[in-house]
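Work out the full structure: start from the sequences and follow the hints.
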Amino acid sequence: MTGVQRRLQLIDISRQLFSLRGVDGTTIEEIARAAGVSKPVVYEHFGSKEALYMEVVTNEYRELLARITESLAGDDSARVLLEKAALAILTYIEECTEGFRILVRDAPPSQPEGTYSTLLTKVTEQVEHILADEFTHRGFSSEDGSIYAQMLVGMVAMTAQWWLDARHPDKRTVAAHVVNLAWYGLTGLRKEPSLQDTQIPTAE
1 MTGVQRRLQL IDISRQLFSL RGVDGTTIEE IARAAGVSKP VVYEHFGSKE
51 ALYMEVVTNE YRELLARITE SLAGDDSARV LLEKAALAIL TYIEECTEGF
101 RILVRDAPPS QPEGTYSTLL TKVTEQVEHI LADEFTHRGF SSEDGSIYAQ
151 MLVGMVAMTA QWWLDARHPD KRTVAAHVVN LAWYGLTGLR KEPSLQDTQI
201 PTAE
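Going left to right, the sequence shown walks through residues 1 to 204 as UniProt numbering numbers them.
Rather than coming from a laboratory, the hints here were simulated on the basis of the structure.
There's no promise every hint is true.
[Unchecked claim] No farther apart than 27 Å at their CA atoms in a straight line, the calculated lysine-lysine pairs in the DSSO-like style are these:
{"no.": "1", "residue 1": "LYS39", "residue 2": "LYS49"}
{"no.": "2", "residue 1": "LYS122", "residue 2": "LYS171"}
{"no.": "3", "residue 1": "LYS171", "residue 2": "LYS191"}
[Unchecked claim] So the derived label-pair ranges between C-beta atoms look like this:
{"no.": "4", "residue 1": "GLY188", "residue 2": "GLU143", "range": "18 to 26 Å"}
{"no.": "5", "residue 1": "ALA34", "residue 2": "ASP197", "range": "36 to 44 Å"}
{"no.": "6", "residue 1": "ALA132", "residue 2": "ALA51", "range": "15 to 23 Å"}
Here the structure is a predicted model, which means the values were calculated and not measured.
C-beta: ideal position from N, C-alpha, C; glycine also.
So this is what it looks like as structure tokens:
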């Protein structure tokens, strides 16, 4: 196994253990044992457990942020962009469950407010920009747009954390209900919501 391969192996094993036990509940000895190497090999690659944890967190953070950022790009309507963003985070949870558990679990020392919280702040800035035209068209102030961006992102973020363990109903149904509430409000809820963008993948 090359040095690069070993490093990737250690990151993958660490992700699994950090997801199950958290950073405090995982030891370098356990990581080394699971990888079939000695503790010095782990230290040689990362220097410390904290540095290894930050490597895992950074990788997951970048992956999820990239997915959400990509979903919010393009010239789609604000509603369809919301659909895509909701599906992006739910799909990430589906495909990278261990990574998401880590993001919402332990805050690294460099980000005491929490990695997930930091990510949501960046996403909120993007959503606020997307809502600008919609709110201008409707006569809302830019300050109103900032408030609604916070609420929209918070709604999706909390629902995502719930779905991490619930996993029912399926992600498209959950996304449809999120958009239903966000777009129509409680007084205009549709009884059987559906997504408008038929190009969004249906595979689970």
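Hint by hint, here is what the structure shows:
1. Distance check on the hinted pair: LYS39 and LYS49 sit about 11 Å apart at the alpha-carbon level, within 27 Å; holds.
2. Note on LYS122 and LYS171: the hinted pairing holds, with a Cα-Cα distance of about 23 Å set against a maximum of 27 Å.
3. About 18 Å separates the Cα atoms of LYS171 and LYS191, which keeps this hinted pair within 27 Å; it holds.
4. At about 24 Å, the CB distance of GLY188 to GLU143 agrees with the hint of 18 to 26 Å.
5. Distance hint check: the CB atoms of ALA34 and ASP197 are about 42 Å apart, consistent with the given range 36 to 44 Å.
6. At roughly 40 Å, the beta carbons of ALA132 and ALA51 sit outside the given window of 15 to 23 Å.
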